[in-house]
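K.L.:
Sequence:
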Amino acid sequence: MSRPLLEVRDLRMHFPVRGGVFRRRVGRVYAVDGVSFDIAPGTTLGLVGESGCGKTTVGRTLLRLYSPTGGRVRFDGREVFSLGKAELRRLRREMQMIFQDPFESLDARLTVGQILEEPFEIHGIGTPRERRRHVAQLLERVGLSSDSLARFPHEFSGGQRQRIGIARAIALDPRLVICDEPVSALDVSIQSQILNLLLDLQREMGLAYLFIAHDLAVVKLVSDRIAVMYLGRIVEMADAEILYRRPRHPYTHALIAAIPVPDPTRRAEKVVLSGDVPSPIAPPPGCRFHPRCPYAAERCRVEEPPLREAPEGQGGHWYACWRAREINLPELVWSGTPRQ
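Residue numbers are given in the numbering used here: position 96 of the sequence shown equals residue 420, and the series is strictly consecutive.
There's no promise every hint is true.
[Stated by the list, open to error] Here are the computed distance ranges between Cβ atoms for each label pair:
1. S406 x D563: 27 to 33 Å
2. R475 x E418: 28 to 34 Å
3. G599 x D471: 50 to 56 Å
4. F405 x E454: 32 to 38 Å
5. E622 x G408: 46 to 52 Å
6. E655 x P340: 40 to 46 Å
7. R527 x S603: 38 to 44 Å
8. A474 x Y390: 34 to 40 Å
9. R527 x P584: 25 to 31 Å
[Claimed, not checked] Keeping only pairs whose Cα atoms sit at most 25 Å apart, straight-line, the calculated DMTMM-like set for lysine to aspartate or glutamate is:
10. K409 x E331
11. K409 x E442
12. K409 x D431
13. K409 x E445
14. K409 x D497
15. K409 x D334
FYI, nobody ran anything at the bench for these hints, they're computed from the structure.
By construction, the Cβ of each residue, glycine as well, lies at the ideal position given by its N, Cα and C atoms.
Let's have the full structure, built from the sequences with the hints guiding it.
P.N.:
Below, the structure is given as structure tokens:
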């Protein structure tokens, strides 16, 4: 088995909460609180969870857009958090990001040609003529005409703007792309086009993806493995087929059971979760999901379960639940199209 391209260990990102006249720190937001996972070259890890669970913060922290509170991140054997400014700039040629909002992520004052030439200029790659040729090729690669070079972002539709964002992300031939909800702001009819484009680029370029989303049906279509986050921590992680068929954590089971079934003759089993997600400023003791879990026992309320590998012979299936084997959650019938 090849060495992982990205190794994340005990990643933590806590934001200070300030109050009072002197703006002193009165608490902290535990946005990411001990997250670990690997991504192999050329594969996709889907990162899912409800809004506010910390999944976007994970992606931004990996790229050091935030200064991490703790943990380790290794990219191809290099310690990302210990790199100096010059080394970090070189690393960013290999790690790029596609942002959720294709309009906000593009500079409205620049033409498409200027936006796509910018990465080459920052890293001192090529002559002006060579850059223009690369930019024209990038546009064709993502399904846009080279006539778009002189136009501004506001002249394009949402799907076209996201294609421009994808072109910018792959401009320097990266090895890892963090996709932060890349289709959630698009019409459903456009989403499939962008997802197919991402899959085609992955096959052509050997890209690894961290695909962040809250739509589990979308994540299933593009992911090899899936990690489920709840309140700053990963509660379950497994191969996509295993996770959707036999989730072991009650939270994962409830999320997947809630996916609409496109079959009027089949009655889907729904799991209704009571209560709201607790505040990340004051996460509950023990298992963070226990205030909403219908299976919670006393141990769940006082002792936090570790993320441990399933002992049932399903290699690579990890979950954080004290009662997973005892409650024996039923299998789910997933009718979505598996990743090809």
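K.L.:
Next, verify each hint and record whether it holds.
P.N.:
Hint check results:
1. Between S406 and D563, the C-beta spacing of about 32 Å keeps the proposed range 27 to 33 Å intact.
2. Judged by the Cβ atoms, the range 28 to 34 Å given for R475 and E418 holds: they are separated by roughly 30 Å.
3. A hinted range of 50 to 56 Å holds for the C-beta pair G599 and D471, which are about 53 Å apart.
4. F405 and E454 have their C-beta atoms about 34 Å apart, which keeps the hinted 32 to 38 Å range intact.
5. Checked against the hint of 46 to 52 Å, the pair E622 and G408 passes, with Cβ atoms roughly 49 Å apart.
6. The supplied range of 40 to 46 Å is met by E655 and P340, whose beta-carbon atoms lie about 44 Å from each other.
7. At roughly 42 Å, the beta carbons of R527 and S603 sit within the given window of 38 to 44 Å.
8. Checked against the given bound of 34 to 40 Å, the beta carbons of A474 and Y390, roughly 35 Å apart, stay inside it.
9. For the pair R527 and P584, the beta carbons lie near 29 Å from each other, so the given range of 25 to 31 Å is met.
10. With a C-alpha separation of about 21 Å, the suggested pair K409 and E331 falls inside the 25 Å cut-off, and the hint holds.
11. Under the criterion of a C-alpha separation no larger than 25 Å, the hint pairing K409 with E442 is consistent with the structure, at around 19 Å.
12. Taking the CA atoms of K409 and D431, the gap is near 24 Å; set against the 25 Å cutoff, the hint holds.
13. Taken as a hint, the K409 and E445 pair is honoured in the structure, with Cα atoms around 17 Å apart against an allowance of 25 Å.
14. Annotation: proposed proximity of K409 to D497 holds, straight-line Cα distance about 21 Å (limit 25 Å).
15. For the proposed pair K409 and D334, the alpha carbon gap of about 23 Å is at most 25 Å, so the pair holds.
Figure legend: structure checked against the earlier numbered hints; every hint is met.
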